[in-house]
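S.K.: Chains as they are written, first to last, in the working numbering: chain A, 1 to 223; chain B, 1001 to 1247.
In short, the hints are calculated from the structure, not lab data. Some hints here could point you the wrong way.
[Unchecked claim] When the alpha-carbon atoms are kept at most 30 Å apart in a straight line, the in silico DSS-like pairs for lysine-lysine are as follows:
(1) B:LYS1043 <-> B:LYS1220
(2) A:LYS138 <-> B:LYS1152
(3) B:LYS1152 <-> B:LYS1141
(4) B:LYS1138 <-> B:LYS1126
(5) B:LYS1043 <-> A:LYS120
(6) A:LYS78 <-> A:LYS6
(7) A:LYS217 <-> B:LYS1221
(8) A:LYS84 <-> B:LYS1141
(9) B:LYS1152 <-> B:LYS1046
(10) B:LYS1046 <-> A:LYS182
(11) A:LYS127 <-> B:LYS1126
(12) A:LYS223 <-> B:LYS1084
(13) A:LYS127 <-> A:LYS6
(14) A:LYS127 <-> B:LYS1043
(15) A:LYS4 <-> B:LYS1084
(16) B:LYS1243 <-> B:LYS1084
(17) A:LYS223 <-> A:LYS138
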Amino acid sequence: MAAKPKLYYFDGRGRMEPIRWLLAAAGVEFEEEFLETSKDLEKLRNDGSLMFQQVPMVEIDGMKLVQCRAILNYIAAKYNLYGKDTKERALIDMYIEGVADLNEMYLFWSISPPNEQAAKMTQMKDKIANCYLPAFEKVLKSHGQDYVVGNRLSRADIHLVELLYTVDELDPSLLANFPLLKALKTRISNLPTVKKFLQPGSPRKPPLDEKNLAKVKEIFQLK
Amino acid sequence: MAAKPKLCYFRGRGRMESIRWLLAAAGVEFEEEFIETREQYEKLQKDGRLLFGQVPLVEMDGMVLTQTKAILSYLAAKYDLYGKDLKERVRVDMYADGTLDLMMMIALAAFKTPGEKEENLALVVKKAKTCYFPAFEKILKDHGEDFLVGNKFSWADVQLLEAILMVEELDASVLSDFPLLKVVCEQPHKAQEAMNRDKDFSKICLQAFKTRISSIPTIKKFLQPGSQRKLPPDSHYVKTVRKVLQL
């Protein structure tokens, strides 16, 4: 039996969370090794395990993969969550890159100094409410189907629903005017693998708290 | 005959340049519409062609595509520059994503204040020398093949060349300051011994890679003056982008 994929990161969302969601949605069990200190990161670097000296890193199918996008693309293709042809794939990629951009904003907000957070939050909420959510609602409306692309489950649904959960945590009222997105969120949440991932005790990680923020800053030597 | 892909962006590198490189490498002719005013940009947004209100925009094969990486992946797959299977594809993705990160640092530095810009660019050169280029050197050295993945020209090779040239614009010595080349050229019989001894062999590998990839006919053509390759960001470019995007 093949070894389970092994994820190397800190014990938090950061850039690894979409990978956890996608593996979970695909029904793939995985292991995790958590970095606790900057020394753990140093060790991985010195071992030659990190191609560009950065995490996330995922050991899977005999490879040590880095770069989130590359890792996610591999998992999506392997587990048939990437559309049926290059044109569907292009649409999926376009949508998920938008999700990724918003995730970047969220990531930087979560590690920025308290006095900068309010402004960043306002900016983020503005983009969510006026750019991203309307765009995705429009896509769903345009075809009236249950899934974002190609009338079947793909990574686009998983990444988007992950985002909707984050949006809900930031401000539930943001989702109020987007009935199709709300319905997608419910529908995807009820898929057995996703439902399991949403239970307490799953590998899903909580938002960054103060204690873990301090840990993250030490591990990655951030100011 | 199919219509040529149409690119819509500022008249400069930014987030579109890697797309120009990939199309050129694949030997695909393309047209460009340049954004010079805020009004043009607002019209694009109102037209509904920009999914998230942003450029780059590429119209091809009946699709209206935005998001740089989505476009690059589509092109790589369409023109058979993405490896032969999933395991090769993930390597192409890893390498391309890494070089894109490096190049984006350079693109974004253009918009910082002078002091910050210098600092950021110095950091880019340092990262290239100590992290990115050694990583690619190791790959080339380990398999000894002409191309990064699968012994065949791919998107990864195009982007690495693009990145090398971009970093060389910041520091011309980034590949060339190594002592071994002298040995390799003047005393070839001592070359292997020297290569085994000195980790700076890395730079020879990349120098040879750069020469090799630059000589591919489509790439050679793109590197000529008068091609659609764009210049490094100057103050006019930065001013135009700031004005259009209201930064």
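S.K.: For each hint, tell me whether it holds in the structure or not.
M.R.: Status of the hints after comparison with the structure:
Pair hint B:LYS1043 plus B:LYS1220 does not hold up; C-alpha atoms about 36 Å apart against a cutoff of 30 Å. For the given pair, A:LYS138 sits about 41 Å from B:LYS1152 by alpha-carbon distance, which is inconsistent with the 30 Å threshold. With a C-alpha separation of about 16 Å, the suggested pair B:LYS1152 and B:LYS1141 falls inside the 30 Å cut-off, and the hint holds. This hinted pair checks out: B:LYS1138 and B:LYS1126 have alpha carbons roughly 18 Å apart, not beyond 30 Å.
Of the pairs offered as hints, the one joining B:LYS1043 and A:LYS120 holds, with about 27 Å between alpha carbons and a cut-off of 30 Å not exceeded. For a cut-off of 30 Å, the pair hint linking A:LYS78 to A:LYS6 stands: about 16 Å separates their Cα positions. Our distance criterion of 30 Å between C-alpha atoms is broken by A:LYS217 and B:LYS1221, whose separation comes to about 47 Å. The suggested pairing of A:LYS84 with B:LYS1141 is violated, with an alpha-carbon distance near 37 Å, which exceeds 30 Å.
Straight-line distance between C-alpha atoms of B:LYS1152 and B:LYS1046 comes to about 43 Å, which puts the hinted pair past the 30 Å bound. Our distance criterion of 30 Å between C-alpha atoms is met by B:LYS1046 and A:LYS182, whose separation comes to about 26 Å. With a C-alpha separation of about 34 Å, the suggested pair A:LYS127 and B:LYS1126 falls outside the 30 Å cut-off, and the hint is violated. For the given pair, A:LYS223 sits about 43 Å from B:LYS1084 by alpha-carbon distance, which is inconsistent with the 30 Å threshold.
Proposed proximity of A:LYS127 and A:LYS6 is contradicted: the alpha carbons are some 34 Å apart, above 30 Å. At most 30 Å may separate the alpha-carbon atoms for a hinted pair to count; A:LYS127 and B:LYS1043 meet this at roughly 19 Å. In summary, the hint linking A:LYS4 to B:LYS1084 is supported, as the alpha carbons are separated by about 25 Å, within the 30 Å threshold. Note on B:LYS1243 and B:LYS1084: the hinted pairing is violated, with a Cα-Cα distance of about 44 Å set against a maximum of 30 Å.
Restraint check for A:LYS223 and A:LYS138: the C-alpha separation of about 40 Å exceeds 30 Å, so the hint is violated.
Hints 1, 2, 7, 8, 9, 11, 12, 13, 16 and 17, counting from the list given before, are not met by this structure.
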